[in-house]
Amino acid sequence: MISDLLSVTVLIGILASGIRLATPYLYAAIGETFGQKSGVLNLGVEGQMLLGSFAAFYVTFKTGNLWLGLLTAMLVGALMGLAMAYVTVNLHAQQGISGIGFYLFGLGMSELLFQSLMGSVETIQGFPKVHIPFLSDIPGIGEIFFSQNALVYGAYLLVPLAWFVLNKTTLGLKIRAVGENPDAADSLGVSVARVRYFTIILGGTLSGIAGASLSIALLNVFQQGMTSGQGFIAVALVYFGAWRPVGVLGGALLFSLVNSLQLWIQVLGIPIPSDIAVMMPYVLTILVLVATVSRVRAPSALSKPFERED
Amino acid sequence: MKKIYWLVSLIVVLSMVLSACGGQATQAPEKKFRVAVVMPSAINDLAFSQSMYDALVRIQKEMGGPDKFEFVYSENMFVVDDAAAAIRDYATQGYDLVIAHGSQYGSSLQEIAPDFPKTSFAWGTTADTFGQPNIFAYEAASQEGGYVNGVLAATLSTSDVIGVVGPIETGDAKLYVDGFKAGVLATKPNATVNVNYIGSFSDTALAAEAANTHIAAGADVLTGTAQMVVGAIGKAQEANALWFGTQSNQSSLAPKIVVASQVYHWEVALREIISLIKAGTLGGKSFTANLANGGEVIEFNPDYTLSADAKALADKTIQGIKDGSITITLP
Amino acid sequence: MRTRLSTLFDALLPVLATLAALAVGAVMLLIMGVNPIEAYAAMWDGAFGSGNAFAETLVKATPLLLVALGICISFRGDVINIGGEGQMIIGAVLATWIGLTLTNWPGWLVITLSLLTGFVGGAIWGGIPGLLKAYFNVNEILSTVMMNAIAVQLMNFLLRGPMIDPSQAERASKIPQTARLIEEFHLARLVPTRLHAGALIAVALAVLVYILLWRTTWGYRIRAVGQNPHASRYAGIKVSRYMVLALLLSGAFAGLAGAVQVFGVNYRMITDGSASGFTGGAGFNGIVAALFGQLHPIWSIPASILFGALLVGANKMQRMTQVPSALVTVLNGLVVIFVVSSEIWRRRRQRRRMAVAGPEETPPPPVEKKPQQAEAGA
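Protein chains in written order, with my numbering: chain A, -14 to 295; chain B, 70 to 400; chain C, 552 to 929.
Bound conformation, chain A alone (with noise of 0.2 Å):
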């Protein structure tokens, strides 16, 4: 049963299944990692990924159009953010604790809205599979990372977009700049605030995509509390990643690739208990990271309230 898990037809479901569950983390952990970045940790991304998600679904159950209801989700996800950051800009507030009272919000507004607006659980036609021309029909491979959705597609190239924003552009030194020494950065005329403005909410957006890719990409169907810890998970991916887009794919990937294992090796009926089998990804996804023993250091500034000297 165990030589089952090396067959091809298991391979290969392996990793689409990790492709597409990496999706709501890759676009939900790369938003923090930009937040982080600046010096800003945001735990109320789950509650972001809940209203983004509920939005999405419901203005396309409602028009039809997929387009408008991720700009809706964006634009949800969005103001999210713009709460979160004159609370924790503005008002210096404590940002983990904000966090969960976003958390709080999002999880409760996206259950109210849809049992107000909607009622039941309903499905939709969601962003179809678009097949790359010949790549997608290369054995394999094709259906791996050729036959996905557009918002897959888009998680892995926020990637390299990531990366390149954050280390080849100005924005990405200011960012840095404001993560790592506000005092500095300050100084030099860069205004800490609107910078931590800008990457909570391209974060608060980023989430939104994350929680729209659920509801309009990958499931087509919205339930309460559906994200179901998703969110800090992506949170906790960023530390993974040592606050690089490339690690929290590397992270993302890991994670759940190791979830699809655990569900084929469920399939295949091999003899491990289910609620074991569970676990597997949490466990690995921590010693990975005591393997690989990180020297990495998070951003000097993170979490801390930036105060000018007067």
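A hint or two may mislead.
[As the list claims (entries may be wrong)] Far from chain C, some chain B residues (derived; all Cβ distances over 10 Å): (1) Met146; (2) Glu180; (3) Gly353; (4) Tyr373; (5) Asp378.
[Unchecked claim] On the chain B side, residues computed to face chain C include the following (Cβ under 10 Å): (6) Val148; (7) Asp151; (8) Gly171; (9) Gly200; (10) Leu244; (11) Ala260; (12) Ser269; (13) Glu368; (14) Pro371; (15) Asp372.
[Claimed, not checked] Stretches of chain B that chain C covers, calculated by requiring three or more beta carbons in the stretch to come under 8 Å of a beta carbon on chain C: (16) 272 to 278; (17) 322 to 332.
It should be emphasised that the hints constitute simulated quantities derived from the structure, not laboratory data. Here the structure is a predicted model, which is why all the values come from computation and not from measurement. Heads up, the beta-carbon is just placed ideally off N, CA and C, and yes, glycines get one too.
The hints should help you fit chains B and C onto chain A, whose structure is shown.
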């Protein structure tokens, strides 16, 4: 100036509060039957909680509307301790029947019920009334509907691989899954039933990916239990695999591929419980919803055309379970 | 006089912020067609309206306070423990196991042993992220999030398997729960309500934690490491050791909270498959309570009661007005956001006072920078 403003608004608020309290003069209620129910998930979860909500709505209709039968509910009471507080509170408010719709509430009920000897309680799903005179218990023989679904699934499968998505491996879910497996294997002993417990009642995304995994493993018929399977149904539809539902009728989610759903009609047990309460018996009995007593109904999806042969086989199986000629052996 | 008023204002700030959040909630209630005054009257009634209601509030506040005490320690030591849920679960599972195994032993001894076991269980579940952080540079937010999920699956596995109630094992319903603790092992009830001795334990421990943090070398070092790890290292404090200690103690209090929930309230463990089904979210809400109490163990007592009252009262409001339970969650979120935002006024007044009175000893600010190992900078 500001202080005065505060003072005035304080007085206004206070007087409003007082008048609101005073205004709640209780009008003499006509003798209507009042029920309160505490449920672990949302009333529209298309699964366990909805099955009870729908049943109460039906009962309300039967009994002549809200004037004759009133019910209130607390949904999403997944925190056992909060549920206990709710149960106690409803009992204090003098409801005729307080339903604890979740097996995890039993322990709390065991403690609360003796304090309210004049209130009737019901809890499920189990058969245990703790030997107390004011507790009814109800459960569903979900293996029966699972068996029927399994027989049909095996008949309709061409690949002879069938996938199951479950939450955690226990309780009602395990009962259904075991019955389903028995049904498949009784029909096609060589068929493969792959079971996946995803360890959560809420992880819709993982449930969907579990369905994808089953499909990749060759399954062309799927089933699943608990509220997170809405994610899996969509994946079955994409792959044009068939789906069998349980707990509530799930046809609306994917009209083309849902063949049938085992639906709990708790009103069958509730009707009996209510008439017993009206006659003065407040508990001590347990009810099992099954195919024979109509507490479980296999609801076929009218939009899915089931071949006459398969329909006949399903009816025969249902009949066989009802009259006892088919017995389901669980592991 | 002025300063005393200021202190009073500071203390009341969370209450005022809560009221402001409820005012926003009132608008939402109006939109939903519910009379907010009636709704809030029900809320008050549910939290403080009767002896029994207040007892329920205190029952809810007890695990919040215990978790909050641990959070006071870890946040002061600048480690962010969001693993309270998992630590509560592990503490509760181990304590329950003791309670179900030593059935022939005297009650007081078993209760003591079980609560200690819960404490140790939580310490293990909190200590692991501590060790991982200190020696493998694994961030504690990551490890505690992961360990929460692991704890839930472990609980599900144990409760449906090795630890399942023997009477359920025979039944078709197979409810994933342990057997019930025998009567002698229940924590004493204080008054004829559900209020149990755990509440007293929590308050006593609040005092102990205060002493630990401000009257012992350990406490001093934990706080020093939290405020400035570099300076502490130069001062000869073994920084990683105190980071582990902070997380370990923090986990221990959460573990005790779990044990107290079982021995004081539920008398058995039941799982609905999720963490919050058992913990009631106390592992998270305790963090909020600690912050409401400005990371001070003594102030955490009223803060926990306030937050407990809110949770209990909001449920009552849901029952009386039949608003969707989701509104309760939204309200909680708003309260957290408002309270945490209101802190700015306290800090501003504090700074103004300092400017007038000159520097005085002030408690460390709740937010400090993340600790890091000096050698990690390379």
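Quick rundown of the hints versus the structure:
no.: 1; hint: Met146; result: violated, 7 Å
no.: 2; hint: Glu180; result: violated, 8 Å
no.: 3; hint: Gly353; result: holds, 18 Å
no.: 4; hint: Tyr373; result: holds, 30 Å
no.: 5; hint: Asp378; result: holds, 32 Å
no.: 6; hint: Val148; result: holds, 4 Å
no.: 7; hint: Asp151; result: holds, 6 Å
no.: 8; hint: Gly171; result: holds, 7 Å
no.: 9; hint: Gly200; result: violated, 12 Å
no.: 10; hint: Leu244; result: holds, 6 Å
no.: 11; hint: Ala260; result: violated, 24 Å
no.: 12; hint: Ser269; result: holds, 6 Å
no.: 13; hint: Glu368; result: violated, 23 Å
no.: 14; hint: Pro371; result: violated, 32 Å
no.: 15; hint: Asp372; result: violated, 31 Å
no.: 16; hint: 272 to 278; result: violated (count 0)
no.: 17; hint: 322 to 332; result: violated (count 0)
In this structure, the hints that do not hold are numbers 1, 2, 9, 11, 13, 14, 15, 16, 17, in rising order.
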